[in-house]
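Chemist: Residues per chain, in single letters:
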Amino acid sequence: MSRLKLFIPLLMFFLLAGLFLFALSREGYNPQDLPSALIDRALPDFSLSTIESDELLTASDITGEVILLNVWATWCVSCRVEHPYLNKLAEQGVKIVGIDYKDDRQKAMQWVEKLGNPYAVNLFDVDGKLGLDLGVYGAPESFLVDKKGVIRYKHVGVVDDRVWVETIKPIYDELTAQ
Amino acid sequence: MKSLCHIKIAIFYVILVTISSAALAVVETYEFTNKEGRKRYKVLVDELRCPKCQNQNLAGSNSPIAKDLRRELHRMIEEGNDDEMIKEFMVKRYGNFVLYKPPLDHNTIILWSSPALIGFIALLVAFVFRSRQAKVAHSESLSDQEKDKLSKILDQYS
Chain A
1 MSRLKLFIPL LMFFLLAGLF LFALSREGYN PQDLPSALID RALPDFSLST IESDELLTAS
61 DITGEVILLN VWATWCVSCR VEHPYLNKLA EQGVKIVGID YKDDRQKAMQ WVEKLGNPYA
121 VNLFDVDGKL GLDLGVYGAP ESFLVDKKGV IRYKHVGVVD DRVWVETIKP IYDELTAQ
Chain B
1 MKSLCHIKIA IFYVILVTIS SAALAVVETY EFTNKEGRKR YKVLVDELRC PKCQNQNLAG
61 SNSPIAKDLR RELHRMIEEG NDDEMIKEFM VKRYGNFVLY KPPLDHNTII LWSSPALIGF
121 IALLVAFVFR SRQAKVAHSE SLSDQEKDKL SKILDQYS
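Keeping their order, the protein sequence lines are chains A and B.
What the first sequence shows, in our numbering, is residues 1 to 178, in sequence order.
What the second sequence shows, in our numbering, is residues 1 to 158, in sequence order.
Just so you know, the hints here were simulated from the structure itself, not pulled from any lab data.
There may be inaccurate statements among the hints.
Heads up, simulated PhoX-like pairs for lysine-lysine below, C-alpha to C-alpha not over 20 Å straight-line [said to hold, decoys possible]: (1) B:Lys39 <-> B:Lys101; (2) B:Lys67 <-> B:Lys52; (3) B:Lys101 <-> B:Lys87; (4) B:Lys52 <-> B:Lys87; (5) B:Lys87 <-> B:Lys39; (6) A:Lys95 <-> A:Lys169; (7) A:Lys114 <-> A:Lys88; (8) B:Lys87 <-> B:Lys42; (9) B:Lys101 <-> B:Lys42; (10) A:Lys147 <-> A:Lys169; (11) B:Lys67 <-> A:Lys129; (12) A:Lys102 <-> B:Lys39; (13) B:Lys92 <-> B:Lys52; (14) B:Lys52 <-> B:Lys101; (15) B:Lys67 <-> B:Lys87; (16) B:Lys135 <-> A:Lys5; (17) A:Lys129 <-> B:Lys87; (18) A:Lys102 <-> B:Lys52; (19) B:Lys52 <-> A:Lys129; (20) A:Lys95 <-> A:Lys147; (21) A:Lys129 <-> B:Lys92.
All chains should be modelled from the sequences, with the hints used to inform the complete structure.
Modeler: Next comes the structure, spelled out in structure tokens:
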């Protein structure tokens, strides 16, 4: 009987291994994901120009409808991958507000000219101040903001069809119906 | 001859000091208006975690967000914010994850108490293990009856 006790460490190993396997194989597993501290809080105020014009905009200028806030930059490779899908969403009527994060204005303008412009408004966050207030730590990141200007959801990483349909769209529809 | 020796020693020390300052990790040099500020900066830059880096503090990380947060930290210290306000600023944007010493609440109680708990369990196991050993050792030595029997048998042969 005490012989069997020798197998306890092996059993614990298998249990742990199974646990790790399960956790690692989960869809969308990313150890760098950080839950947003801004959920259910108002969009932080700002005073930024757009990439096209010097006219300064504030938070009240972009809120009022449900918007998808998309943090992007020309130096961000994944944003290039995400962009066609954003074009698609814009065509479907989703209002997308871009935050061009720590980027070069000229390059940004060339980017939207060449690749299509899904952004209703494209804020130029040159030193990343708005990004910092939003808890941004990389690009692309996207936020869902409701009609009252309250942040309701954050997605870190590329928004593709699966992410949109499975995770973001349900919330978007709910917020639009409010 | 002697002055050449002195010069070599001087050069050695200059190089030594220059190289050793590079070992202080990443950081850009910031000017502080007083010593207290610089001290607080050094402490906070160790206690705040880089949000992107998965276990590097702001002092040790080269990522852009860490640079930005160091700049903000410097700005906030210079503007007169105290440590509480600075931590609140960081947590408001990045959550408790950004503190290497998160506040004690129902989420973090396991984190804070696990070292003591595991230490306690380890002591318990060690204690049980030792008392088991003692029992085994004890049962392996002869009882009084067996000792008598043994001496009688030995007496037969002596």
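Chemist: If you test the structure against every hint from before, which numbers come out violated?
Modeler: 12
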